[in-house]
Structures are given as C-alpha cells and as structure tokens.
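Given the sequences, and given the hints that come with them, work out the whole structure.
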Amino acid sequence: MSVQGVAQAQNVRKLDYQKLLAPAVLVVMYAFFAIFGNNFFSSYTLKTILESAYYTGLMSFGITFVIITGGIDLSIGTNMMCSAIIGGVAFSMWGWPLWLALCLVPLVGVMFGVLNGILVAKAKLPPFIATLGMMLVTQGFGSIVSRVQTQRYPTIGTENEWFKTVFYRTGNFPTGALYLLTAFLIAAFVLNKTRFGRYVYAIGSNEEATRLSGVKVDKFKILAYAVCGLFAGIGGILYAATYTTAIPGTGNGLETYAIAAVIIGGTSMAGGSGTMVGTLIGIFIMAVLKAGLASLGLQAHWQTFFTGIVVIGAVLMDNVRVRAAQKVKVKT
Amino acid sequence: MKRLLALVLVLTLALGVTAALAQEKMYISVISKGEQHAFWQAVRMGCEDAANELGVDMFYYGPPSEADIVLQVEALKAEMAKNPAALALAALSTDAVMTELQEAIEKGIPVIGFDSGVPNAPEGAIYATASTNNQNAAALAAEKLLEDEGLKAKLTAATPEAPVVVAVLSQDATSESVTGRTTGFVNKFVELAGEYGVVEVQGHTSWAMAAEKPAIILHVEIGASPRIDDMTNAANAVLNKNNLAAIFCSNEGAVAGMLAATADGSEFGEGGRFNGILVAGFDAGAPQKNAVKNGWFVGSVTQDPYRIGYLAVELAVKAANGEAVEDVDTGAQWYTKDNIDEPNIALLVYD
Amino acid sequence: MSQQNEVLVRMTGIHKYFPGVHALNDVQFELRAGEVHALVGENGAGKSTLMKVLTGIYEKDAGEIEVMGKPVEIRSTKDAQNLGISIVHQELNLLKDLTVAENVYIGRENMNGFLLDKKAQNKRAQEFLDRLNLNIKATQNVGRMTVAKQQMVEIAKALSYENTRILILDEPTAPLSDVEIDELFRFVRDMRSRGVGIIYISHRMGELKQISDRITVMRDGQYVDTVDTATTPIDEIIRMMVGRVIYEQPKTESHVATGAPVVLEVKNLRSRDVRDVSFQLKKGEILGLAGLVGAGRTEVGRLISGADKRDGGEIYVNGKLADIQSPCDAVELGIGYLSEDRRRYGLCLGLSVANNIALTKLDSFTQGIAVNDRQIKSTAREYREKMDIRTPSVDTLVRSLSGGNQQKVVVSKWLVRNCDVLIFDEPTRGIDVGAKSEIYKLMHSLIEEGKSIIMISSEMPELLRMADRILVMCEGEKTGELGIEEATQEKIMALAAPQV
Chain A
1 MSVQGVAQAQ NVRKLDYQKL LAPAVLVVMY AFFAIFGNNF FSSYTLKTIL ESAYYTGLMS
61 FGITFVIITG GIDLSIGTNM MCSAIIGGVA FSMWGWPLWL ALCLVPLVGV MFGVLNGILV
121 AKAKLPPFIA TLGMMLVTQG FGSIVSRVQT QRYPTIGTEN EWFKTVFYRT GNFPTGALYL
181 LTAFLIAAFV LNKTRFGRYV YAIGSNEEAT RLSGVKVDKF KILAYAVCGL FAGIGGILYA
241 ATYTTAIPGT GNGLETYAIA AVIIGGTSMA GGSGTMVGTL IGIFIMAVLK AGLASLGLQA
301 HWQTFFTGIV VIGAVLMDNV RVRAAQKVKV KT
Chain B
333 MKRLLALVLV LTLALGVTAA LAQEKMYISV ISKGEQHAFW QAVRMGCEDA ANELGVDMFY
393 YGPPSEADIV LQVEALKAEM AKNPAALALA ALSTDAVMTE LQEAIEKGIP VIGFDSGVPN
453 APEGAIYATA STNNQNAAAL AAEKLLEDEG LKAKLTAATP EAPVVVAVLS QDATSESVTG
513 RTTGFVNKFV ELAGEYGVVE VQGHTSWAMA AEKPAIILHV EIGASPRIDD MTNAANAVLN
573 KNNLAAIFCS NEGAVAGMLA ATADGSEFGE GGRFNGILVA GFDAGAPQKN AVKNGWFVGS
633 VTQDPYRIGY LAVELAVKAA NGEAVEDVDT GAQWYTKDNI DEPNIALLVY D
Chain C
684 MSQQNEVLVR MTGIHKYFPG VHALNDVQFE LRAGEVHALV GENGAGKSTL MKVLTGIYEK
744 DAGEIEVMGK PVEIRSTKDA QNLGISIVHQ ELNLLKDLTV AENVYIGREN MNGFLLDKKA
804 QNKRAQEFLD RLNLNIKATQ NVGRMTVAKQ QMVEIAKALS YENTRILILD EPTAPLSDVE
864 IDELFRFVRD MRSRGVGIIY ISHRMGELKQ ISDRITVMRD GQYVDTVDTA TTPIDEIIRM
924 MVGRVIYEQP KTESHVATGA PVVLEVKNLR SRDVRDVSFQ LKKGEILGLA GLVGAGRTEV
984 GRLISGADKR DGGEIYVNGK LADIQSPCDA VELGIGYLSE DRRRYGLCLG LSVANNIALT
1044 KLDSFTQGIA VNDRQIKSTA REYREKMDIR TPSVDTLVRS LSGGNQQKVV VSKWLVRNCD
1104 VLIFDEPTRG IDVGAKSEIY KLMHSLIEEG KSIIMISSEM PELLRMADRI LVMCEGEKTG
1164 ELGIEEATQE KIMALAAPQV
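From first to last, the protein sequence lines are chains A, B and C. Just so we're aligned, residue 1 is where the first sequence starts under the numbering used here, counting upward by one. Just so we're aligned, residue 333 is where the second sequence starts under the numbering used here, counting upward by one. Just so we're aligned, residue 684 is where the third sequence starts under the numbering used here, counting upward by one.
What the hints contain is simulated information worked out from the structure, not anything from laboratory work. For each residue, glycine too, the CB sits at the ideal point set by N, CA and C. Don't take every hint at face value.
[As the list claims (entries may be wrong)] Computed list of lysine-lysine pairs in BS3-like fashion (alpha-carbon distance at most 25 Å, straight line):
#1 Lys-19/A - Lys-1060/C
#2 Lys-357/B - Lys-414/B
#3 Lys-761/C - Lys-735/C
#4 Lys-1044/C - Lys-122/A
#5 Lys-47/A - Lys-573/B
#6 Lys-992/C - Lys-216/A
#7 Lys-625/B - Lys-476/B
#8 Lys-1003/C - Lys-193/A
#9 Lys-486/B - Lys-414/B
#10 Lys-216/A - Lys-779/C
#11 Lys-216/A - Lys-122/A
#12 Lys-357/B - Lys-476/B
#13 Lys-992/C - Lys-219/A
#14 Lys-124/A - Lys-992/C
#15 Lys-761/C - Lys-122/A
#16 Lys-216/A - Lys-1003/C
#17 Lys-802/C - Lys-779/C
#18 Lys-193/A - Lys-1060/C
#19 Lys-216/A - Lys-802/C
#20 Lys-1044/C - Lys-219/A
#21 Lys-124/A - Lys-779/C
[To be verified] To be clear about the criterion: a stretch of chain B counts as covered by chain A if any three or more of its residues have a C-beta under 8 Å from a C-beta of chain A, and this derived list gives those stretches:
#22 394-401
#23 449-456
#24 555-562
#25 593-601
#26 612-620
As structure tokens, then:
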C-alpha cells in the first residue's frame, strides 16, 4: 500500500462519524424537546412515543429488507390495514375466536407480500408499479371482504380485554414495545446473520452479479417481499391494538412514514446498504418528532410540514454519505 | 303510428291506476343510505311509525352499504316509475341521482332530504330537509359539561395566572358537519362559561378569539389529517395541556383518536393518569359506548335517527298535500352511563 | 510534422496534495502540436491526477501551466474547454437513448427560435462526421451502436468544439477489437496531421509503439522520463514504469498432458448470437477464444455458464450431459464465468471483500440458520494471502479496490466454490501491466492445480502467450481452431475477419 492508503484510512474514519449522525440527531432532538416542549420530558410522553412507533416500526423493519434489495413496497400501509380489517371480519362477522382471527392477520400480510414478490421477481414488473397496484388491490380487498364496514377490535373493559393487555399495554407497562423490540431483534438477526440477509445485500448491490454467482435471485427477492408483507401483517395486529378500529378504504399514506423512517436511518434507496439499527433509530426520530412538535403547541399541519423537512434533510444527508463512501479508494 | 297509440293508451292506463290508488291511500317512497346499520334501522322505525300514524303507504329502501351507489340509483329509478306522492331521499351521491331529481321536478314530485340530505341538488328539487342541526347538537354537549359541579368549581376558581383549559378535538376544519359542531360547541361554551370568568379561544385560527387576561381557555385542536394516527397525535397534544379540565370530541374519528391516546379511555377512569378530566363525545360505536358505560366519558351526544325518519315522512306527507314545508332540526340526545341501556336511547346508539 | 515545434501545453513543477498524500510530486509534461504523446504508468502513478489538473477537475497546489505559450490558471472544466482542452474518459459519457447528433451537440443544440432544429443539427453533425472520415450516421441511436463506434462518437464530440487543439484519450482501446483499434488509430493519425496534440493514456505497450511519438513515464506520483518512442524498446519503458523487467514470451507448445480427459464438451451451441459452436476443453488446458468484438465469444461464455438461455445444443461436463438452465445450475457443476465487465457482472461493489468472496458458496458458510462470519473472514484472509489481494482488510468494500485487485476478488470467489472450469472473459482489461502479469501467473497456478480455463481475449499477444489451443470465432460461428505451435497473429486475424 502506498502513501495514499493514509488518505483512505482517514476517509474511513470520517465514514464512521457519519454513522453516528442519526443517533446524534435523535439525542439532540430529544434534548431539544425536553427543554422546550411542554411536559415532554416525562415517562408518559416516552410511552406515547413508543406507542406511536409500534406499527410503523413493524412496517419499517419489513420494508428495510425490500429497500436493501433495491426495491420498494408501496403497499405496506394498505396491506397492514387490509390484514387488520380481515382479522376483524373473521372475529366479528365470521364468528372466529379472537386468537384464531389474530393468526389470520399476518397470513394475509404474507400473502400480499408473496404476490408483490412474484410480480417483481417473476413478472419483472418495476417494484414501484407492482406495489402501487397492490396498494389499490389491498385497499379494495379490505373493503370487499368487510363490505365497507369499519372493523372494531375489543377494548379495555370488555370481554376480550386480553387483546389490549397482550398487544398494547398492561396497566402502565407498554406491552406493545416488547413486540417492537422482539421484531427488531429478529429482523436484525435475519438481515445480518442469515444467508437470506446476506443475499438481500448482494442483490441490492448488484443483482446480475449475484445471479451469475449461482444465487437463486428470484427466490430470495420473493422472500424479501414476503418478509415485508409478514411484518406489515404483524403490524396490523399492533395497529388494531393501538387504534381499536380498522377502517376500510384507509391505510394509504402510512407507508410514507415507514419508508421515511428507513431512509432517515441511512438505508439507501439505491439498495445494497442499510442497517436495522438505523431503521430503529429512524423510527424513533419520526416518533420523537411527532410527539415533540405537538408538545411545542404547534398546530398539526405544522407538524406535517416539519416532518417533511426532516425527511428531505435525511435524504440529502444520505447523498453526502454516499458520495463520501465512493471517494474512498484504496491505491496499491 | 299504431305503436304510439298503444304507448299512449298504456300510459293513460297506468296513470289512471296509480291515481286510483292514491285516492285510496297516499304512497310515499323513502330511499335511505343504508339498511343494515343500527342507525338506519332506527331511521326506518321512525319512518314506519310516522307512516302508520299519518295513514300513508310507505316504501322504504336502503342499500346494503354506503358504497352501493348503483343499487341506490336503481331503487330510486324503480320508485320514480311508480309516481309516488312524495319522495324522501338521503343520497349517497348527488351526481348519480341528478337525472331522477330533474325528473321529479318535471313531474312535480316533492323530494324531502333527510339525514345528510341531498347536497348541491338542482334548484327546486328539494322542498325541505330533516336533519340534525350540528351546531345545536354540539351546544348540547357544552350545556351538559357545564352542568358538572366539579367543572363549575374549577372554572370559578380559575385565575388569569393559572387559567383552566377546556379543549375541542375535531377531525377537520373543512367538512360541514364537523365545523358546524365545533362552532356550536365553541359558541355555547363561550356563552355559558362567561359567567365564571373571561374566556379566550385558542388553537385553530378559524375559531380563535383573543381576550384580555383570560381565566378560561377554550382550545380548538384540529388533526393534521382525519387519519387515526394523526387524530391520536392531536389528542396527545390536547392531553398535554396544563390545567386541562374538560374535552369535547366532535365526532367518532376524534373520539377514536382520544381513545387510542388514553388506552380506550381507561386513563380517564379511577386511578388513571387523566382521572378528573371530563370528556364528552359525539356519535356512537362500540369503543365509545364502552367508554361511556364505564363512566370514563361523562357522556356523548348522539343524533336522533328515529326522529330523522319520523320527520322525513311527516314532511313528505305535508309536501304531498301541498302544504308549505321548511327544514327541521331533528334534535340530538345526550347519553350517559345511566341511560345508555334505556330502550329509547339504546335504539339510537349504534355499535 | 512541420508544426512539431509549437508547444501546446507545458506543465512544470506540478504538485498536488491530498490529505496525507503527495499525489503529484514535481511533475513535468510537455505536448507539442501534431504529436501523439503517450502518458504511461501503473495505476496510481498519478496519470489521472495530472490529467485532472490539466482539465480543471483538480486545482494544482504548486507549479505552472502554459497553454500555447501563455501561463494560465485552469480552475474549472469550463476554463479547460475555453483553452481548447478536451478529454475522452475511459467510461463513456454518452446518453444512450439519444442520437449521435444529439450527443455531439448536447448543450449547444441548433435552435430555431425556441424550438430545436433537428434537421439542421443532423445535417451539421453528418457533415462533421464525414469530415472526420467516420462511417457513422448522425441520426442513429447511440445505445444501438458498438462500443467502438460509441468511442468514436465520444472523440468526435470532443473534437466538435471548434477550438479543440489538445485531446486527451484515456484508455481508448480498452473495449475495442484489433480491427476497430486500427480504425481508431487511422483516425488519431488523421487528427495528428491536422495539428491536434494528443495525450494518449494506455496500458497496452504494443499500441504505444504503433501510435505514439513520445512517451512520458510516471511512477508513484513522480515524473520518471520522457523518451522518443522510436528509439526506446518496450522492455525499457516497462522497466521505467515498474522498476523491474517483465517476462513476456509467447508459448511455443501446448502444456496439456497427453491423454488428459475432456472436462467440458459443447455440441452445436446455438442462440441469437451464436451459431452451432462445438468444442472440447481438456483438463489442465487453457483454451483461447479469439475473435473481434461482437464475434460471439462472450455469448458462448454466458451460454455455458447459464447466464443466458440457449436455443439449442448440448453441454457435457466430465462426459455427462448437463442440464444448465441458470447460473445456479452451472455453478453446481463447477463452471464459473468471470465477466469482462467486473463491475457490472462480477462484483457487488458495495459489499466487503469477504462477502464477495463468500457469495458463491454461502450455504457452506452457514451453520444452522446463522452465517458464520468468522469462517468467511478467515477464508477471505486465506485468499487475500494466496492471491495477493492488496486491501487494508477483508472488510474493505470492493468498490475501493483497484481494477487488478477487484479481478483477484472475482477469481477468489470462484476458487472458493472450487470450480473446475473457469471462463475468463477479457481478464486483463483495464488492468495495469504489473497486475496483468500477476493475473497470468495466477492462471498458470490454477492450471497446475488441475483446473481448466477458457480464456476470451481481444489481445492476441496475450492469447499467444497463455493459451494451449486457440479457437477463433467470427460473426457467431467457429471459424477455426489453432494449436499453439501453429498459431500466429496473422493466422488468427485471417480467421477472425469477416469474409466479404
């Protein structure tokens, strides 16, 4: 290695600083709102932040896989809602026991995920188009199955109260956070430690090279979308636990928050790079921002506005990061 | 030429038959927006009772869901062919029934709107509408909240240094029903609370009213979007206010957000973090009924679907008889954990 | 060469520092009108940096630049363009969906008020192309043209700036076949005779002899010497570049053991670009695949490795009929394909060296459901050692390695998989001289291990040096097979050139 190796080493160190940027932003934001927000620095607000992250978090973990393969899934929001609606229909209209209806919810999510995967990997549709179509399909399917009736899950103080205690909150303990954490650990393990996870990165980095290396790329792409759908489906249970009602014809728009969290967490839309920890941090940046802006007493539409600014900022940051990464060159 | 003759003959015959029937008993058609929903069942019951009492023949139709525009239009066409004396209509889509409305004008059939009525109908088609006056209904919530002794005491004790906050949570600032409710509540509250101290209205600019040294603050919070996650966030923003004494949620969506933010409302209950804050809701639905039943909400306002149905038919009959008719307020009911199971209320509050 | 004395560019005492690196250390360079001046050196020697200083991409930290006798400061590419300096990069910068005319005049379109005047522009472009004696239609879509033609368009674009007198060509022949190279050289000589000064960057020593008038050698950011091409032997230049003499002699006889078994046999291979190609590959053999660009050699490689679907033909591996439908099938059978386009088909640039190496055989690095990273890394380190991959660590992203080292990563990838048949497609393309000989050495050691190699190359000296047998293709057909004893450049050319 020649003298230029020194420059390279410096660049590498610079990159490491950039990795710390997102966590730093999270801490700074939290501190900012703790100082200036009304009642922000409290365990109650912390709980609120956690709770608003449950279902978005699940969606974000799932779509991280798809985005790293270089794809996108616009249908997660409506898929999640559709899964929740169908679970509600099974429970209230078909008379299934609640536990069985809840088992159905992730299955619906996986089904639509697999369909997305087949459309992308086998039919070679651009992911944007395939999943945009699936967004409408899932939205419509939920309405058809429910006959456009709002589905309501059991609330606290009713017969099936256990639904809320198991998936949402027990007394003051946020049980939902356990699912978020478990889902995170599983997603991180799968992405970092399994063969599938490694192929996800490889496909995103260079799909053709991966295929030529003898990897069954199609199979793993379908799997990525299926995993994404599974997480959206589980998110559907947590959504139902958080909001009780699942309304047909809604759900679109929720994917934007999930995708934004992934991008803020440093996953590149171009594919090939990203981490689950980043996504987790992205989710909490979004959640803290939401709760924090509300605690400043800003009117709601200002919150939407600032959320957008943060997303754009994150993508700009990502660009800088990518450019820095490409400058690193080992000369020998 | 022969065919035309035959046609004229058949038409005359048909007209003659219906005219003969009408002499016997007046025929009224009611086309509603739904049938399965408890709300619509109450409407139907009101219609039927009115028809019996007024001695008219009534046909009631409701499509299976509020998305079945086509079915509603077809039912309407079939009814128009029967030349009813009058028609009561809650249109799913005004655009879809435009032809029929024109036909009604041409034939001189009076149309009475009910519930959400027939917004933007052509001039002269709608004689009158029987619907809930949203402003009055929301004012009822303000009255009921201010009957609470605890709240009265808090308002009396309020000072400009430590103002008491009362909040309205609304889903949007654009739809007619929700803005009407928000305005109704704000006006009534300002009027009634004025007795206890200076009131200032804060929050959304459409309703804000500044006052000097206010001791009572009425905060109007509108969600960033009607989506439930945004409504929950707005509810959290409301709950975050210092010295919060009471909350009014102006429709089911606002209630859903509030419930999601407070563990189905249980946090307003005994030992909950927000125990002591009075909450009034609007409309019904299982989760809201649950919150009212458990006493977590002091009560909620509900429309009176039975009276909507009853008054719709009454107006239709009057119009068919050539009497002058005008819009009527079908009123609203206040339900609490004490009267929610009484039959006349239970009929009104759907699951 | 009447204008030979006019100096177009004189760079003296150029210094350029990057953080921690003295990238250019007192470098000098001179270009005269009507000369082709080659700039050579191994990767990292500073050629590119020097050219970037000249074209305004980098600003120098010290030193003087004179253009046509006047001292100048070049701070942007715009400045360089205004001074008549144009560069044609190794990576083509053409917009593939646009026509030749649109590419050449991009940003300077013929306008008719607010509207584009396509007709006038096409006419202007065609006249210009004709003037350059280029057999190219101005209205053709660039994406549909061969790489060679695209290269010419790129050069034409550079020359289309009226004042261009200084033209920098960075590795222009890398993607070209010999015939095309001749075509390019005719063009370059034509430019030279018109008084254009050409700076020519290349790794191919043979070419320099043919085309250049003078050669400037750089090494490790420093100026070594400038010599007249005619009077300096190639060995001497290479010695200046690398500081050592590289052995380069053609093979004279096949090294394949008599009676070596056939490991791969192809019968009547057919696809859109390949017509009934049949051949055998013996154990321990290097089979050269010669031909012009577009002769179907790469396609043969891709068909055998399952990258593309074949329309017909049989493939036998170790005597058994193999059903190869996908790369996955080929890999199972021990066939590895090393593409000429490493970045596109060979590597996941965004992944680490270790992960790239493990990619072909990840299942064997998996225990239970978890990937064993420690094993992957130790294997990668083993190969770093064995293949002499120069990388700070096996966790380094492949993107940041040099071309030669990237190539070694690709090879390692297939060795990990224990492939017995390796198809090398242009293995030394874009690699500097030193690294090239390492790749050759590597191929020899693979043969010694009992592997067999199909080597696709457009560089005939390379084939003559490496192959035991040479198969020549032309327009999708196999036109001949030459034992190494009988093979000469002339014979290969005769078989490779289309019969008109």
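Evaluation of the provided hints:
no.: 1; hint: Lys-19/A - Lys-1060/C; verdict: holds, 23 Å
no.: 2; hint: Lys-357/B - Lys-414/B; verdict: holds, 14 Å
no.: 3; hint: Lys-761/C - Lys-735/C; verdict: holds, 13 Å
no.: 4; hint: Lys-1044/C - Lys-122/A; verdict: holds, 24 Å
no.: 5; hint: Lys-47/A - Lys-573/B; verdict: holds, 17 Å
no.: 6; hint: Lys-992/C - Lys-216/A; verdict: holds, 15 Å
no.: 7; hint: Lys-625/B - Lys-476/B; verdict: holds, 17 Å
no.: 8; hint: Lys-1003/C - Lys-193/A; verdict: violated, 37 Å
no.: 9; hint: Lys-486/B - Lys-414/B; verdict: violated, 61 Å
no.: 10; hint: Lys-216/A - Lys-779/C; verdict: violated, 30 Å
no.: 11; hint: Lys-216/A - Lys-122/A; verdict: holds, 12 Å
no.: 12; hint: Lys-357/B - Lys-476/B; verdict: violated, 44 Å
no.: 13; hint: Lys-992/C - Lys-219/A; verdict: holds, 18 Å
no.: 14; hint: Lys-124/A - Lys-992/C; verdict: holds, 17 Å
no.: 15; hint: Lys-761/C - Lys-122/A; verdict: violated, 47 Å
no.: 16; hint: Lys-216/A - Lys-1003/C; verdict: holds, 24 Å
no.: 17; hint: Lys-802/C - Lys-779/C; verdict: holds, 20 Å
no.: 18; hint: Lys-193/A - Lys-1060/C; verdict: holds, 14 Å
no.: 19; hint: Lys-216/A - Lys-802/C; verdict: violated, 49 Å
no.: 20; hint: Lys-1044/C - Lys-219/A; verdict: holds, 16 Å
no.: 21; hint: Lys-124/A - Lys-779/C; verdict: holds, 22 Å
no.: 22; hint: 394-401; verdict: holds (count 4)
no.: 23; hint: 449-456; verdict: violated (count 0)
no.: 24; hint: 555-562; verdict: holds (count 7)
no.: 25; hint: 593-601; verdict: holds (count 5)
no.: 26; hint: 612-620; verdict: holds (count 3)
This entry does not satisfy hints 8, 9, 10, 12, 15, 19 and 23, going by the numbered hints stated previously.
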